[in-house]
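K.L.:
Listed here are the chains, written in short residue letters.
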Amino acid sequence: MLELEEIVCERDGRGLFAPVSISVQAGEYIELTGPNGAGKSTLLRTLAGLHSRYSGVFESVDCLYQGHRLGLDGLLTPLENFTWFLGLEEQTPDHERFLGALQRTGVLEKAYQPCSDMSAGQQRRVAMARWLLSSRSLWLLDEPLTALDASAQKVLVQIISEHCQAGGAVVCATHGELAIPEKRSVRLEVVASTAETPTPDDSLGVRTSQG
Amino acid sequence: MSRLLRREWQVALRAKGAIINPVAFLLLSTMLFVIAAPDTVGSDAAAGILWTLVLLTQLLALDGMYRRDFDSGVLEQTLVGAQVPFVAVLTRIFMQWLSTGFIMTMLAPALGMLLGMPIALAPAIALAMLLGTPALSLLGSIGASVTVGFSRGGVILALLVLPLFLPTLIFGAGLVAAAETGSSIMPQVYALSLISLIALAIAPFATLAGLKISIEMQ
Numbered sequence: 606m607l608e609l610e611e612i613v614c615e616r617d618g619r620g621l622f623a624p625v626s627i628s629v630q631a632g633e634y635i636e637l638t639g640p641n642g643a644g645k646s647t648l649l650r651t652l653a654g655l656h657s658r659y660s661g662v663f664e665s666v667d668c669l670y671q672g673h674r675l676g677l678d679g680l681l682t683p684l685e686n687f688t689w690f691l692g693l694e695e696q697t698p699d700h701e702r703f704l705g706a707l708q709r710t711g712v713l714e715k716a717y718q719p720c721s722d723m724s725a726g727q728q729r730r731v732a733m734a735r736w737l738l739s740s741r742s743l744w745l746l747d748e749p750l751t752a753l754d755a756s757a758q759k760v761l762v763q764i765i766s767e768h769c770q771a772g773g774a775v776v777c778a779t780h781g782e783l784a785i786p787e788k789r790s791v792r793l794e795v796v797a798s799t800a801e802t803p804t805p806d807d808s809l810g811v812r813t814s815q816g
Numbered sequence: 109m110s111r112l113l114r115r116e117w118q119v120a121l122r123a124k125g126a127i128i129n130p131v132a133f134l135l136l137s138t139m140l141f142v143i144a145a146p147d148t149v150g151s152d153a154a155a156g157i158l159w160t161l162v163l164l165t166q167l168l169a170l171d172g173m174y175r176r177d178f179d180s181g182v183l184e185q186t187l188v189g190a191q192v193p194f195v196a197v198l199t200r201i202f203m204q205w206l207s208t209g210f211i212m213t214m215l216a217p218a219l220g221m222l223l224g225m226p227i228a229l230a231p232a233i234a235l236a237m238l239l240g241t242p243a244l245s246l247l248g249s250i251g252a253s254v255t256v257g258f259s260r261g262g263v264i265l266a267l268l269v270l271p272l273f274l275p276t277l278i279f280g281a282g283l284v285a286a287a288e289t290g291s292s293i294m295p296q297v298y299a300l301s302l303i304s305l306i307a308l309a310i311a312p313f314a315t316l317a318g319l320k321i322s323i324e325m326q
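So the sequences go chain by chain: A and B. Its first residue numbered 606, the first sequence is counted upward by one per residue in the numbering used here. Its first residue numbered 109, the second sequence is counted upward by one per residue in the numbering used here.
There's no promise every hint is true.
What the hints assert, rightly or not - Far from chain A, some chain B residues (derived; all Cβ distances over 12 angstroms): (1) 112; (2) 182; (3) 190; (4) 262.
Unchecked claim - Per the computed footprint, the stretches of chain A lying under chain B, defined by three or more beta-carbons under 8 angstroms from a beta-carbon of chain B, are: (5) 623-631; (6) 655-661; (7) 684-693; (8) 773-782.
These are computed hints drawn from the structure, not numbers from a lab. Quick reminder that beta carbons are idealized off the backbone N, C-alpha and C, glycines included.
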């Protein structure tokens, strides 16, 4: 479903992590770990096609990407957001299904309210409902635990497990452990910094000359 | 396509500022001209002033063209999920024109009269705006796409886009001037149509490339 060969993502002309090779089969859950700044988000963005500076090769099927920006239009209700989103995938909207997905993630009563009126956690739940509706089999999730309460985390784990059982695959960047029994962890290692790294003195010098 | 249009339509209706603000700005700035420089009212300069104000109004509206979608992640989802992101961009530009250029086209004859232009010129003003404003939205979209990632992209946007607007300004004001002197307006009609058509051919692709760069730079 997803094949990575010696992938290194680059930012400002330098590689972020040691080369990564992963092969993801249908039904697998891959946990992407690593310290802050190791390039977890950048790797997911690369796989989603949003970041083009990388070396190595990868092959991927069409994917669902969930980044830090949720991709919900605040002026529209969840149902209108779903209609638009599934329009991108060229699916016909089905309100019964939409409401079912919202019920599953516990935000059914918000179905007819603009997304901007909801709390961060509720918006996350709406975004989760959208995964259930998507026809894409590969999910790329960036820190899906953010802003979720205990009950929502439980639903998240269930949704991911079911997706994997149904023959999908999930690549998830996270700091918290998700209680999924069958998982593979891939840790991104930061490459040893080179001489280019500025010392505190240097950055101070730059700041003074600018100010 | 129809669902993309529907979303744009729903958003336009709910974010009323996007339609009302440019109209209010254009109206007020025209009033300011009438009040501050009464000599220009009824003079040859009126057409040029009207076009300049339309340009500035468009610039004001362009700054927010992709910002909301960029900040909410809707743009990311469009690039990842859409079968043809090109269509989404074209839809956005069309709606942007409908909520600014088209409305300004409807208002322009009345504003022209406010600036003392004879009512006989109203059709010429409307024609010039109808042919010229699509180019403003299309070319402006390119500038908006590359500056959307900057928190204060407004000034850079103006520097990028105003030079691109110059041909439209020249032939747009020229069309009205030609109508005023009674000579043929066809050269200007052809020129404005040509500019808008070239912009239509280039802008969606350039915008898409600009948006990809902006999303990658964040």
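K.L.:
Confirm or reject each hint.
P.N.:
Here's how the hints hold up against the structure:
| no. | hint | result |
| --- | --- | --- |
| 1 | 112 | violated (6 angstroms) |
| 2 | 182 | violated (5 angstroms) |
| 3 | 190 | violated (5 angstroms) |
| 4 | 262 | holds (22 angstroms) |
| 5 | 623-631 | violated (count 0) |
| 6 | 655-661 | holds (count 4) |
| 7 | 684-693 | holds (count 6) |
| 8 | 773-782 | violated (count 0) |
Checked against the numbered hints above, the structure violates hints 1, 2, 3, 5 and 8; every other hint is satisfied.
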